[in-house]
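With chain C held as given, fit chain S onto it using these hints.
As given, the protein sequences belong to chains C and S, one line each in that order. Residue numbering for the first sequence follows my numbering, starting at 782 and increasing by one per position. Residue numbering for the second sequence follows my numbering, starting at 2 and increasing by one per position.
Keep in mind the hints are simulated off the structure, nothing from the lab. In this text the structure is predicted, and so the values were computed from the model without any measurement. Any given hint could turn out to be false.
To be verified - With a straight-line cut-off of 25 Å between C-alpha atoms, the simulated SDA-like cross-links for lysine to any residue are:
{"#": "1", "chain 1": "C", "residue 1": "Lys912", "chain 2": "C", "residue 2": "Ala880"}
{"#": "2", "chain 1": "S", "residue 1": "Lys281", "chain 2": "C", "residue 2": "Lys938"}
{"#": "3", "chain 1": "S", "residue 1": "Lys285", "chain 2": "C", "residue 2": "Lys892"}
{"#": "4", "chain 1": "S", "residue 1": "Lys285", "chain 2": "C", "residue 2": "Glu810"}
{"#": "5", "chain 1": "S", "residue 1": "Lys222", "chain 2": "S", "residue 2": "Lys385"}
{"#": "6", "chain 1": "S", "residue 1": "Lys285", "chain 2": "C", "residue 2": "Asp837"}
{"#": "7", "chain 1": "S", "residue 1": "Lys289", "chain 2": "C", "residue 2": "Lys912"}
{"#": "8", "chain 1": "C", "residue 1": "Lys938", "chain 2": "S", "residue 2": "Thr362"}
{"#": "9", "chain 1": "S", "residue 1": "Lys255", "chain 2": "S", "residue 2": "Glu304"}
{"#": "10", "chain 1": "C", "residue 1": "Lys838", "chain 2": "S", "residue 2": "Arg249"}
{"#": "11", "chain 1": "S", "residue 1": "Lys4", "chain 2": "S", "residue 2": "Ser98"}
{"#": "12", "chain 1": "C", "residue 1": "Lys838", "chain 2": "S", "residue 2": "Thr362"}
{"#": "13", "chain 1": "S", "residue 1": "Lys205", "chain 2": "S", "residue 2": "Tyr217"}
{"#": "14", "chain 1": "S", "residue 1": "Lys256", "chain 2": "S", "residue 2": "Lys205"}
{"#": "15", "chain 1": "S", "residue 1": "Lys285", "chain 2": "C", "residue 2": "Leu842"}
{"#": "16", "chain 1": "C", "residue 1": "Lys812", "chain 2": "S", "residue 2": "Lys289"}
{"#": "17", "chain 1": "S", "residue 1": "Lys285", "chain 2": "C", "residue 2": "Met782"}
{"#": "18", "chain 1": "S", "residue 1": "Lys281", "chain 2": "C", "residue 2": "Thr882"}
{"#": "19", "chain 1": "S", "residue 1": "Lys196", "chain 2": "S", "residue 2": "Glu304"}
{"#": "20", "chain 1": "C", "residue 1": "Lys892", "chain 2": "C", "residue 2": "Thr882"}
{"#": "21", "chain 1": "S", "residue 1": "Lys256", "chain 2": "C", "residue 2": "Lys892"}
{"#": "22", "chain 1": "S", "residue 1": "Lys4", "chain 2": "C", "residue 2": "Glu810"}
{"#": "23", "chain 1": "C", "residue 1": "Lys894", "chain 2": "C", "residue 2": "Tyr847"}
To be verified - If you anchor each label on the Cβ, the simulated ranges turn out as follows:
{"#": "24", "chain 1": "C", "residue 1": "Lys892", "chain 2": "S", "residue 2": "Glu186", "range": "54 to 64 Å"}
{"#": "25", "chain 1": "C", "residue 1": "Glu864", "chain 2": "S", "residue 2": "Ala114", "range": "42 to 52 Å"}
{"#": "26", "chain 1": "C", "residue 1": "Lys938", "chain 2": "S", "residue 2": "Lys242", "range": "30 to 40 Å"}
Stated by the list, open to error - Among the chain S residues that face chain C by a calculated CB cut under 8 Å, a handful are:
{"#": "27", "residue": "Gly3"}
{"#": "28", "residue": "Gly7"}
{"#": "29", "residue": "Arg179"}
{"#": "30", "residue": "Met182"}
{"#": "31", "residue": "Ser282"}
Ideal placement from N, C-alpha and C gives every residue a C-beta, glycine not left out.
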Amino acid sequence: MLFEVRWHGRGGQGVVTASDLLARAAIIEGKYAQHFPEFGPERMGAPIRAFTRISDKPIELHTGVYEPEMVVVIDPTLLIKTEMILQGMREDRPLVVNAKTPPQTLVDRCKEKNIKLYVVDAYTIAIEVLKRPFYNTPMLGAAVKVSGLVKLDSVLKAAELRFSGDILKKNIEVIKKGFNEVKEYA
Amino acid sequence: MGKVVGLMGDEAVAQAVRQSNVDVIAAYPITPQTIIVERLSEYVANGELDAAFVPVESEHSALSCCVGASLTGARVFTASAANGIALMFEITFIASSMRCPIVMAIVNRAFSAPINIHCSHDDTVALRDASWVHLISESVQEAYDNTVQAFKIAEDPRVLLPTSISLDGFILSHCLERIEMLDDEVVSEFLPPRKAEYKLDPEKPITFGPLALYDYYFEFKRQQEEAMRNALTVVKEVAKKYEEISGRKYGTIKKFMTDDADVVLVCMGSAAGTARVVAKSLRKEGKKVGVLSVRLFRPFPTEDVRETLENAKAVAVIDRSSAPGCVGGPLFEDICTALYDLPERPLTYNIIAGLGGRDITPDQIKQMYNIGFKYIEKGKVEDKVLWIGVR
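Bound conformation, chain C alone:
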């Protein structure tokens, strides 16, 4: 089965890295995967998107993702952009957001559209462990838990390809925390 993920965040937050690591984790498991960011003017702080495709079979599609199976929002300030986040999302699909409490408009729209809303406080996780507002890796952990696309262990192996030393240790910790702390918002 083909599974498509859309990531939302802002330039400089590691949106591309999160998508990249998810694709690599799938490849480590022997699955097929694609990861591609959206390339426009690359500015720090501008809203950007990245996409991951995962399948058990070779992926031949080379086109945008229009009806994602899951949407992950790394940056909490984008949560007010309800329609942008929900674009192309079908019923029963999970939306994973970085928030203590998501904005009420988003909660209401998710109910209307029958979309499953998951939250994790990636901000607090990042500040506690990384001491800096890098929400991408805790959100990756959360996305892995919600989707069950790949094993947590595979994501940690993918992280080892990307990070080393203390940075690796801390990222492993936040991925695990994101994985363990994400909850369906009721």
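Coordinates of chain S only, in the frame set by chain C:
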């Protein structure tokens, strides 16, 4: 055998070039080719690749440097895109006339203006008549495989022509995919060091590219034509040898469900995979559709194309570049020419799509097929050239 890795298109090309044991790389960075040049400079700097890396001041110089290096018998690589290709245009004809088997990656990007860094096939098409062998990639795996094969094709004594491998800018160059890389030793064995029969050698001085007016110029051109015809055979031979080491099949074209298809879509590059996905789903609805994708753009595989398309009722050709004022896009003209001598020709129509990186979507491809069924029903083509996806 080999190893499975996740690589972006540009990275895959750089890895293939490293494994191909090139002697000289001269290149100037341009988006979306930059990663290739960056990676290769790293390989040379950290000793993974024993080659001379020449950071030149322009693309004109890059290819000039490649020509000089190639004439000494070296294995040479460069990479460029769009405006970079335009700047090196003068030297592209010199490289082929002097029979330099340079390999160049073209990471397809639209020509300015307006400035655009995304995919059109303008740059590959611009070199159509430059006497280069042009290989087109549909995926990251193919970009890797084509790069390794390109050196073997270019350096074959029957060919000795520069060879390009094209990959769609961003759609493939910056897309991470799962690919299987060959072992370094396997590639080394496939590509032993180049043996140039004629080269610049102070011990045995000869001259390349001297003056030839109406006395000999004509004969030089005829030899290039012969080399191009030979390339058609060599591309197939190299593909066979490559299959032995990789298990992956290549030809001049790729056919998908074309045998009994009523409507066949013809295209080049990354859109081919999307087209196959759509074709598969339309087949489930009982619609007889197929896909022919062109891997070898030059020399154009006329016979293979004709044989594949002769029984189709309608043929749609996607051009990812516009040629204002022409009958249709460049690939469309090739396809029509290939079909012209058939006693009964399929209906043909051209689709200009995906310019400047505009997405070629599954919905658009469905639309392209539906137009074919409509034309079959009416027994004639209404609009010969359609622009799909334009606002």
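Checklist line | Unmet hints by their number, sorted upward, for this structure | finding: 2, 3, 4, 5, 7, 8, 11, 14, 16, 18, 19, 21, 25, 27, 30 and 31
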